[in-house]
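Work out the full structure: start from the sequences and follow the hints.
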Amino acid sequence: MKRLILAGLALLMTCTLALSQEAPMQDILQDHSALITKSSRMTIAPAIAAISDSGLTQAQDVLQAWQSKDIWQRKSDGLFFRAKETAEGSYILFDFDSGETLGEADKADLKQIKPNSGVRALIGSALVTFQLQDSDPARRLAALTSIERNPSSELLAPLRASIDTETDADLKAKKRRAERLLTIAYDSDESARVAAISDMSGDLGVDLRATLNPLLETRTEVFAGEAPEGLNLARRLAPGEDISTEAAYDLLVTAGLAPARIDQAEIRATLGTHISEQEVGGVALEDLNQPEARARAYAALVAQGLAEPDPTSAEIKAHLDAHQFVEIYNEPSRPVTLAASEALEDILLNVGMNQSLDLILDGLSLASIYFLAAIGLAITFGVMGVINMAHGEFIMMGAYTGYVIQQLIPNHTASILVAIPMAFVVTFAAGVAMERLVIRWLYNRPLETLLATFGISIALQQLAKNIFGTQALPLTSPEWLDGAWVLNDVVSISYIRIAIFILAISFLAIFLFIMRRTRLGLETRAVTQNPRMAASMGINPNRVNMLTFGLGSGIAGVAGVAIGLFAKVTSELGNDYIVQSFMTVVVGGVGNIWGTLAGAAMIGFLQKGIEWFNPSNTLAAQTFMIIFIIIFIQFRPRGIIALKGRAAGD
Amino acid sequence: MKNSFLMRNPSTLIFLAALAIFTIMVTVLSEAFGLGLISTSFVKTLGKTLCLGLVAIAMDLVWGYAGILSLGHFAFFGLGGYMIGMWLMYERTRDIVISSMSDAPIPPTAEEITDAIGHQIFGVVGSSEFPLIWAFADSLVLQLVLVVLVPGVLAFVFGWLAFRSRVAGVYLSILTQAMTLALSLYLFQNDSGLRGNNGLSGLQNLPGLDAVAQDVVSIWFLWASALALGLGYLLAAWVVSGKFGSVIRGIRDDEARVRFLGYSVESYKLALFTVTACIAGIAGALYYPQAGIINPAEIAPIASIYLAVWVAIGGRGRLYGAVIGAGFVSLVSSWFTGGQAPDISLGFYTIKWVDWWLIVLGLSFVLVTLFAPKGIAGLFDLAGSRKWPNRHGADLGPDAGALREREANE
Amino acid sequence: MKLLNSTLAGTLALAGLTAPAFAADCPIKVGVLHSLSGTMAISETTLKDTMLMLIDQQNAKGGVLGCELEAVVVDPASDWPLFAEKARELLTVHDVDVIFGNWTSVSRKSVLPVIEELNGLLFYPVQYEGEESSKNVFYTGAAPNQQAIPATDYFIEELGVEKFALLGTDYVYPRTTNNILASYLKSKGVSNDDIFVNYTPFGHSDWSKIVADVVALGADGKKVGVISTINGDANIGFYKELAAAGISADDIPVVAFSVGEEELSGLDTSNLVGHLAAWNYFQSAEAEANTAFIDAWKTRMGAERVTNDPMEAHYIGFNMWVNAAAAAGSTDVDAVRAAMYGQEFPNLTGGTAVMLPNHHLAKPVLIGEIQADGQFDIISQTSEVPGDAWTDYLPESAVLMSDWKDLGCGMYNTKTKTCVQTLSNY
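Protein chains in written order, with UniProt numbering: chain A, 1 to 650; chain B, 1 to 410; chain C, 1 to 426.
Hints in this document: simulated from the structure, not taken from any laboratory. Source: prediction; values computed, not measured. We put the CB at the ideal spot given by N, CA and C, even for glycine. No false leads were slipped in.
Partner residues aside, some chain C positions facing chain B, computed with beta carbon under 10 Å: (1) Pro81; (2) Val114; (3) Arg175; (4) Asn425.
Calculated from the model, a selection of chain A residues having no Cβ within reach of chain B, i.e. all distances over 10 Å: (5) Pro259; (6) Leu503; (7) Ile510.
Now the structure itself:
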């Protein structure tokens, strides 16, 4: 009612103003000039109300311009305009009332009105009534989004009124859903709310839970004796069981129903104020570094009436027994809370199941990233037995190749399609060069291979820093990989992760194909099993080793592009994956691609599982995972899938 | 007996003499006790380098002599530092707390003092409770025991598990690296109770010795480090010269044969692994009070790999080689990265050593591995023109007389 | 008595002799202690370049006290113990008069004992967690009450956030800041259940689970906001995952304390438009001094380079030091320190920075929304907020204050009226 009167008053005012100056909107804006330029959510409401309740046709236009930061103030006279930037950098001004162009102005003469996100949301809410019936579906959607973000009871009626006239089927469904949610929260009719709750039960949306949970909010209260009738009780709390005795007693203290307990700091402070002749309460000062001496001194003070006594445990118990502790729903309607808690119980069960599914997807995604990072290593280390500490740097090299290609080819899709083969070529060449120059001299000295490749690793890392700088560089995924595949509000996974998963699967297929179906695969297997026998069969072991190592390195390069897309490109990219990659190969079982797959799956799921148990500390998950792997290797030193006749290190 | 041991190992005698001369020289040139030609910060650097020499000896024992490429010895080094750091921090903070509490009208209880110390130490990392691992932090003796015990027990448990299941070679290296990574990640957590990423700091201030200036303290630590290095060298030389040394060298060259000869290979490896971890712990306990701060970044796997780099460049299988490697590479590294090395102008490009030193180090490491497996210490062999039978193929191990590459293939 | 008198006179004469000799000791050396290699090089190299630019500019103006300034640059290589070693080297071998340096808190804690032992002077330019006050350090970056608290207020008042996700990298700055914020939020009536805290390691890249957890917080029907103290590279993965999950700044706003122009330059920001950052300076601030500063920087370093908050901190700190040295007529540490209190210098955002007796600056707090071009749109700017060394929102620190000018104590207990300690905590 008050609002109506206000609106009427405003209308009256604007009418008179309009008569006098013919610029009603500018006048409203000028009236609230201070609020508008200050632009704070706490104070802006009157300005927005004045505009939206003005009844002027330009109100919607003004609010929309305001929301999209298009209102500018002319510094010379403080007038507000909608402004549009020209190609030359100056601004064309539009008058709100006439809609006419008022010529151009320099940016230096104008001040942009920048409503913050909170103010924009308030403007959005004010716009809802205008936009719900708008002819532009985009604006109707904007209105709906506003309702979803800031639901309120006033919006229920206009929303209901707009459903029947809605032509867009998609929007109509959305409006129906919003209407149901608003009904649950705000309808005055109890049975309508219960009906709406049962309509929506089983739905997984966060918005539904966000509507139901506030209905079930409780407060804890204390009553002397029995709790009065007529309250919507959630439950009674028994001290010591549902609520700790300390917390229960604290409640009594805050309610003023019991004397406060005295803690050590207070005792010390009280003793400090009663020092006389190096004694307190008959206890010598130097003895007061003993807790029992302090207790004695304090008891003496209490006896003299100089201090408050600390309630004994018997007193505390008596106080607790004399009172009843209850949780009361803030929502007064019993049927609504009952229906809501039932519905929520169903939903939570459903949510739990979906969360497990989401966790599985996350684990799968992490596993595929580890697999991708480790598959190159599965070739160089698993098949050839060469330990390559620079493997991580090959991944990094692939990622930087992707970055460079993206600088040359601006189209993201094309650049990724070029980057993948290019990354393979670059790292293949680097791998072959490294094999020829370093590794082949060290085939019989595995420990020294480790050290030499480590030397290469630090050199490559520093080289990348010198060339590209230490700043993380962007490797942007194509637009069609933006966003996520959303099953419901609980289960979703980003497209980029799906792409990595597919890439990992196809690498597995390629690997199997090369090893089982091609000449190179046959020769590789022959050389790794018995080089001299293979050589006598006419296979050139040098060539095969070179190509196999190149293949492993090339795959690492392609993995680098994928990892760069999903995370970041830095010179330390490889470092993050090297230990995990070796773990993956060792845990899985050396020399077997299925083992690597199993290893990646185990590590990925394990890490996600531990994270789930301890969600506030991701670091702990990594630590525990590594410890688990160390212990696992003690019991299965040959990995999950062991080749016969080979022990770790043989 | 000792005399004859030293006579049989002239290199030990030479090394100890060189160490003694070095220590006296530094003392004479230092600011505290001499001419003031060597700044206190450089005395600290030299003292730290001696500690690195000690941990390099430990590394050389496990790797150069027993063939176990452990990428975890710097973790043991760090643990030793943490153990002594806990006492240093606790005691220094206690002094501060007691002096600030002494003004209060009511004398503090023991519990209040402990709480205040806890708040002081852990306040910066947002906590104030003393974790359980600080239980002995108030006792210097117990913490000193822990300096040896904690790395030793960790090495024993890890080694027992690993050697028992016959994990060897590169697998063991990767496993030790994983252990190091797990340890550093654990310490990085605030909840580890060792102040997370911040670590323990202010360790250069010895409790109760506020009046003693740092230039004096730095010389004390130099002496202590030199003494520890000397004793460690003697111990290591004695170990490798006896039967034990022969067995571990045998394990390095062919583990299976030694096992078939009836030696308990695992026990030998485990004993050596544990003892060297203890030596590393002692080295760390001397190093970090000179560095002033210890934090988990010190323990990161890369540090242990650098340790292997030093030993490899210095020369594996020779104790003095390890010390030379650690000293040479760490000092040269700090010279190059410290910005003192002159830039080289190529006309079109200026080589800044800050940027390029790591590349040079990495590549020189590859070259040493490929062409000079004996490292710098190999030069001593050349200088002494010591002869060994000219067998075919390159050395498989770093020692003269180790199995040759071609023989190994047979 | 006569002997005592003559000794006294002797020392006074000596002091009188050495003080002017000190001032005339040309060139005046300025230590620059920033990592040029290692993980922190990315951020700190920029600050080294800033210092060199400022020193060159000052030399062009005629230096200080008639002396040229000479920069002594050392590289602590992101290695925390090395910071202490290099600081000692700067003070004892190079005899620098002042040091500008450090970025991470742990490096500062490493340097503190050395600086205090040798009575050096350090200007620390980065926003930090507070809870520290050293006689020998001037903190020109933001204390929590100059960044975290105003940003949280903005969340509560302007955005109506009721549920807070405090996400941070697991180290001391996020830990302490989140502790302070949790305590502050409780004082504002936010219950414990509405504060979600998560710590991730440096360089964390797998953010899907955490982002999903944050979205799930909305199930209570309360508006969720994220306060991010995530450091460095990890931000890239976090914002990418946020964008992939389709979370707009209007649904779940994120305010970051460690993301500035420099960090955004490695990122495609089109999906992040509207998310927030809180600093004392943004490159987009409209002020003449700022335009001149940006021009000088771009001319020197290249047009694509951006400016950021710690650079402004060095700009203010360096100029204040120059003025204080001129006022004191000497570069002696104690003289400069005494002259520093109350020093005023125009900051780059149009106001005036004042050095307080607690070694912190009074600076305005700016909140900016990320724009598509990687710059910030400043939507809120407070008047100057005095930096507070000891936060008012943790019970143990609330009673502490720092006043080096009159009380000569960095950790003064206002309740017991005693100085807890004169050396700082490290």
